[in-house]
Amino acid sequence: MRFDELKLSAALLQAVADEGYEKATPIQEMAIPAALEGRDLLGCAQTGTGKTAAFALPILQRLSAAGELRGRRKIRALILTPTRELAAQVADNFVRYGARTSIRTVVLFGGVSQVPQVEGLQRGADVVVATPGRLLDLIQQGHVDLSGVEVFVLDEADRMLDMGFIHDIRRVASHVPRKRQTLFFSATLPEDIRTLAADLLNDPIRVAVDPPASTVELIEQAVCFVEKGDKLGLLQHLLSVPELRRVLVFARTKHGSDKVVKLLKREGVGAQAIHGNKSQGARTRALDGFKTGGTRILVATDIAARGLDVEDIDLVVNFDLPHEPEVYVHRIGRTGRAGDRGTAISFCAEEEREDLAAIERLIGMHLVRVSEHPFRSPVPPPPVTVLKGRERPRGQGSPQQPPPQRGSAPGRGHRRGPRRADGTSAARR
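Read in order, the letters of the sequence shown correspond to residues 2 to 430 in the working numbering.
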């Protein structure tokens with residue numbers, strides 16, 4: 002569907018065209034008309050599917066319809082996000098999409114001085130994009146008044162609950178008028194998310210473009226069984242492929258991510274870590290280096306990487322398997338975005354095999370078992386059994402398929418198409 006079929010204003014259509022977007026993604030096709038009608042919305046879609054534009058464009062249209070406002074501006078739209086990086090990304094999208102309107106956007110997050118953020122609020126803001134902690138701090142200090150909010154958005158709601166923000170979300174909601182439009186977006190819909198949605202939403206329209214725990218079909222998914230002490234050696238083996246220009250590695254803990262970076266640097270492999278203990282400046286520099294190609298390998302924890310939007314990630318490596326199987330879906334969704342191909346390889350030590358089994362039950366398929374690598378575990382891999390009628394991911398080779406070899410980097414050679422409204426390139430449909 003073209004954007005001009007979605008009843009958006011001329012200013013927004015021009016902004017979309019300026020960004021080079023041609024067709025709306027499925028979540029945008031379903032969410033934008035409902036949001037424009039003022040309905041509450043429960044949206045479920047994978048990361049990288051264009052969720053930001055799905056709520057940003059209707060909000061900008063609603064707020065700009067009132068015309069040029071005089072006097073002190075009230076905050077009319079509030080978007081809550083789980084991480085600083087996602088808050089900055091969402092705010093940037095609001096600025097770009099609203100470039101031909103008079104709407105002002107301010108972003109609020111911790112880890113940096115609040116002074117510039119307070120100054121932005123004092124100049125007047127129609128849209129505030131914020132992380133819960135900094136927002137509540139500024140409310141307590143009297144810098145934020147949410148009594149005029151007309152649209153309340155929870156973005157990546159499942160991750161906010163994973164990070165323990167449930168009480169903060171309810172505290173923020175208590176400051177927002179009960180008569181409002183609420184847009185609720187989540188990549189997964191576990192029971193606690195459905196409970197929260199029932200409390201915050203009023204007769205919502207539900208839109209979903211993929212099953213909550215599905216994984217992108219274009220992502221080649223494999224697992225290497227390896228002893229815990231050999232994981233670094235296996236990682237170096239994978240990184241010896243020069244065609245892998247941008248690799249995202251997930252570690253379970255902050256200490257673990259720093260340790261991986263330290264050991265890689267000791268072996269002459271350049272890498273940077275990004276996690277919650279890093280200052281905002283350090284996180285921004287590491288992320289910018291990764292985006293521009295100055296940093297080839299980024300080692301991240303789940304909290305820091307949520308909302309990370311980087312094009313052309315060749316390989317996602319699960320150095321540690323997550324304990325929560327839903328997290329696996331989020332991790333591998335950082336590659337193979339918006340129609341491109343990607344590769345995800347997981348390292349599984351003997352003590353992580355229960356985590357692997359939980360992941361495979363959730364996604365309804367087995368990861369390709371890689372046996373041809375120099376660090377394979379002496380413990381035989383678990384047997385492959387039928388899961389929901391499929392023995393391995395569709396489109397992949399045999400369970401003996403090795404990791405990518407030199408000269409055959411994954412995800413290369415595919416044609417790139419027009420840009421979609423999630424800010425990534427899309428294969429032509």
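Keep in mind the hints are simulated off the structure, nothing from the lab.
Do not rely on the hints blindly, as some may be mistaken.
Straight-line Cα separation of at most 25 Å, DMTMM-like style, residue types lysine to aspartate or glutamate; simulated pairs [claimed, not checked]: (1) Lys-255 <-> Asp-146; (2) Lys-229 <-> Glu-192; (3) Lys-255 <-> Glu-268; (4) Lys-8 <-> Asp-19.
All figures in this text were calculated on a predicted structure; none of them were measured in a lab.
So, going through the hints one by one against the coordinates:
no.	hint	in the structure
1	Lys-255 <-> Asp-146	violated, 35 Å
2	Lys-229 <-> Glu-192	violated, 33 Å
3	Lys-255 <-> Glu-268	holds, 20 Å
4	Lys-8 <-> Asp-19	holds, 18 Å
In this structure, the hints that do not hold are numbers 1, 2, in rising order.
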